[in-house]
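Kindly produce the complete structure, drawing on both the sequences and the hints.
Just so you know, the sequence shown maps onto residues -24 to -1, 1 to 301 in mature numbering (1 follows the signal peptide of the UniProt record, and there is no 0).
There may be inaccurate statements among the hints.
Below, simulated BS3-like cross-link-like pairs (lysine-lysine); rule was C-alpha separation at most 27 angstroms, straight line [claimed, not checked]: (1) Lys91 x Lys125; (2) Lys111 x Lys91; (3) Lys111 x Lys150; (4) Lys7 x Lys59; (5) Lys150 x Lys125; (6) Lys125 x Lys299; (7) Lys59 x Lys299.
Since the hints were made in silico from the structure, they are not lab data. Note that this is a predicted model, so its numbers are computed, not measured.
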Amino acid sequence: MVPPLARRALLGAALAAPALRGAAAQSFPDKPIRLLVPFPPGGPVDLSARIVAQALSEELKTSVVVENRSGAGGVVGTDAVAKAQPDGYTLGFSSTGAVAVNVTLLPNNPYDSRKDFAPVSIVAGVPTLLCVNPKLPARSVAELVALAKAQPGRLNFGSSGPGGTPHLSGERFKLATGANIAHVPYRGAAPAITALLADEVEVAFLDLPVLLPHVQEGRLRALAVTSPQRSPALPEVPTFAEAGVQGMEIENWYALLAPAGTPPDRVARLHAATAAAMARPATANQFISQGARIIVSRPDEALSFIREEVGRWGEVVRAAGVKAD
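Set out below in structure tokens:
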């Protein structure tokens, strides 16, 4: 069931959608749309993209085909969107790290998110979850910190790749606690989870939705979540603030992007369809049940938000001295 506040927000988006549809060219789209995901199949961005693609296909009355174009921490696929023909038929579904962090993290990042995209909408935000392999004798954040300090440099934490919010969550945790835990980046969340389950790494910081089924099945132990309040999906797991670690409120957001130069009427048509898609109870419930927060922002709001996030995460990268692994 969609919570009342979320329901009102989704209803507002749905009411706004017809006006935007009227402003858009009704002949678009008249062929399938490619939705590029810059991460491997099975990760949180991919799973969310497929939910949105299905709903968009129904709203637009054409196929929206997900294509995974992974590599270099999201750079390969996100750059492919930036350089695609700006006709509305190639879109991207990307996240904070690839869109906002890489601009600062990578000296030669091939795109500038502040000017190379025509954002359609920010669609959702998810917290990061700190999990450990059950073999690790740590049942709380305090016990993990004590273990890491007793054996400095022995523990490793896995992430979905350098520069993403899971990686930066781990770096912030190290700064806040003084825990000496080495970072091991993987090519997406799915291989990082495989490594955690196999005890190749003992700790992982990853988006909550992709870890949720493993925690629910008892295959992984969740210690804390980066949201300001406990997640309804895992109400027994404390926030980092409750666990005694401050400054860990972090959210990974997902954005639907078109290349810069895409005709405004087509962007408006895509946004209208996205607003209607996210207003569908079935779509919204899939996100909310996984601990995600629904966001439907106008294209201009999304562009302003991305520009602000590039600046904010740039400060974090510089302050923490984070380098691309």
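- Task: Would you list, in rising numerical order, the hints stated earlier that this structure does not obey?
- Result: 1 and 2
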